[in-house]
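Protein chains in written order, with the working numbering: chain A, 1 to 471; chain B, 1 to 252.
There could be a bad hint or two in this list.
[To be verified] Beta-carbon label-pair distances, calculated as ranges:
(1) B:Thr7 - A:His124: 21 to 27 Å
(2) A:Arg170 - B:Ala178: 19 to 25 Å
(3) A:Gln127 - B:Ala40: 45 to 51 Å
(4) A:Arg107 - B:His116: 46 to 52 Å
(5) B:Asp48 - A:Glu163: 38 to 44 Å
(6) A:Asp20 - B:Asp104: 56 to 62 Å
(7) A:Thr364 - B:Arg13: 34 to 40 Å
(8) A:Thr9 - B:Gly92: 33 to 39 Å
Since the hints were derived computationally from the structure, they do not count as laboratory data.
Virtual Cβ for every residue (Gly too), placed ideally from N, Cα, C.
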Amino acid sequence: MSAVGERLTFKARVRVALADPVLKVAIDRTTGNARTKRAAAIAAWPGFSAARDLGRDIKDHVIAHLDHYLIQFERNAKASGAKIHWACTGPEACDIVVGICRKAGARTVTRSKSMLGEEIGLPHALQEAGIERIETDLAEHIIQLAGDPPSHIVWPALHKTREQVAALFRDHHHNPGTLATIEAMVASARRELRGRFLTADVGISGANFLIADTGAVCTVTNEGNAELTTTPPRVHIVTAGIEKLVPSTAHAMVMLRLLVRSATGAELTQYTTFHCGPKRPGDLDGPAEFHIVLVDGGRTRMLAEGLAEMLRCIRCGACLNHCVVYRQIGGHAYGSTYPGPMGSVLTPMLEGLPRSKDLPHACTLNGQCQEVCPVAIPLPTLLRGWRDRLWRLGLESVSVRQGFALWRFLALRPALYRQASGLAVRMMSWFARDGWIARMPLASGWTRYRDLPRPPGRTFIAQYRRRMRRP
Amino acid sequence: MSDARSTILTAIRAALERRRGGPPMADETTIAAEAERLRARVDATRPDRLGGGPVNAFLKRLVSPAVAATAERVATLGDFPDTVRRYLTAHGLAGSVTLQPHPDLLALDWSEIETHGQPSLDEPVTVGLALGAIAETGTLVFHSGATSPTLFAFLPVHHIVAVEAGRIWSWLEDYADAFAGCAQPRNVNLITGPSGTTDIEGTLVRGAHGPGHLHVVLIGGAVPNSDVAGAPDYATLSERPMGADPPNNSSR
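If we strip away everything but chain A, and leave its shape as in the complex, we get:
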């Protein structure tokens, strides 16, 4: 996707990220804020656990009857005057969107952040078509100026510190002012984008939920940019994954409680809007045309190939904020649209396993992601599933296969295994200073970036035996 993503291997991208001290500061500031606020919101909600089970069951219900709900949604959306388009792939979806823009004679489009838009490559497709794209979400505006891909699914500009944002606005904004505070930066972006809202020919948004029984599309924002993007232009285009359905508005409310608390720690986004069809007779504003592009983009394959649980995902980003790997390397190192745990499950399906075989390994299996997931997706299990498939398809590197062969050899010979592990534990202790190992042969891959804790003096089995011998 990005220039960096195309050129370098995963390991090389990780090295770049780990060597960047500013990136670490940026990641810590936003993910730290997010974790603290989410924890407070969940602590204030005794029903969270039951709501989470319910959210999971609602999504599973929709997925089990996905054909039914898609047809119901299509029928109701059409009745409201919406035009429905279907796309099997990202390029097909882009062609549809560009086609609608061309037919509308569009020179400029405003766009409200949508991860699906990034997934299908819509920014690139619009550029190829010679249509000017104005990103209206603050973070998307920042990365559009910087020429970066998003690094987080909720905070696309998470990799930028406020100092970097100030420098960027100073270079690009017409009337940036002092930019001394984050408030001043937000005000500068508001001034810069204000005029663009009313003059755009087409407004493009994503969808947080598709409401089957009304045909409405739900979007959530805090800035108010979605409504300013979708209301003034003559044409509003929604791109939405086919998994975004919920049965009714009431069911959507349950999902909204889970989504917003998990994403930002707030209870509801400032602007939660249900868009249903084009401008009505008598309406004083709103688009004359309302298009919805329903995109498969690998979702039916997920359903067929054992990843149905991943279709529950509501893109809250909590798994990213709590992932020990994401918090070290940030989003760009993953080299894909979706980073972090949910990304490492999705990307092999969206971009092919051979191209993304490092991602299922970028995980410690500590289970944090599953614990915070508002729809209880078993992310570690799904990542292990990819590892299993990598092994069976013979896609693991020679060194990994040899390592496993050695381990298997030892594991099948318990006495030898105990001797070898006992020796290793003792040897590791020789390299430790004050309880930590800063350098050790064969461990540079770990110790280059952090110390290794000194292991206990004896192996588990040795300690277990000693305890059992005691009266």
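We have chain A; now place chain B onto it with these hints.
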């Protein structure tokens, strides 16, 4: 395009059939019953917010730091123009304000304030009337239409909104249920506080693309004890009965 539609639906049905191990797909009645059973589980999962009744819960939530609106109460809608005038004075806002073209608002006496109809791109103040409100989250509800254009809630710097105390739903689902099966407006806008963003370092800043200030004037239901910029003293407010009486749903 219709090709893509049938390709997608065929792929879904094939995958679901394999998952179910073959039996035919459920009929609409079975699916609806299952959805209803899920809906029935919602109430037990909701955060407990309604102590003190929906009106007080709404106001408390509205002025909490998380929502960050300001609020006051007046006895009748007829008091609204005077409230707006005092708000303008308190905030040093001179000049004309935009008035949402709702007949109930247009019928009021605005002789002391200059008003106009169309909000500009950087409109300082719009004055509006919400369809209702939701107590749980401190949310205002707007349905787009001839008397409630969408942009009135998004273009101004200050948005002053009247809402009637008798039109407060307790929970998000109560609002949804009230309009279940009804024709939907083009836009339903649920508005919870002034606009904001956390896009720079996760820090919440108010006043992004939408209004920077949201002032709610609650009409009726209690003795007014208004103070333009601050929160009323909730302890002294009379309590209204809890949820059981949903607002009437005649569309506004």
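Structure-based check of all given hints:
no., hint, verdict
1, B:Thr7 - A:His124: 21 to 27 Å, "holds, 24 Å"
2, A:Arg170 - B:Ala178: 19 to 25 Å, "violated, 49 Å"
3, A:Gln127 - B:Ala40: 45 to 51 Å, "holds, 49 Å"
4, A:Arg107 - B:His116: 46 to 52 Å, "violated, 31 Å"
5, B:Asp48 - A:Glu163: 38 to 44 Å, "holds, 42 Å"
6, A:Asp20 - B:Asp104: 56 to 62 Å, "holds, 58 Å"
7, A:Thr364 - B:Arg13: 34 to 40 Å, "holds, 39 Å"
8, A:Thr9 - B:Gly92: 33 to 39 Å, "violated, 59 Å"
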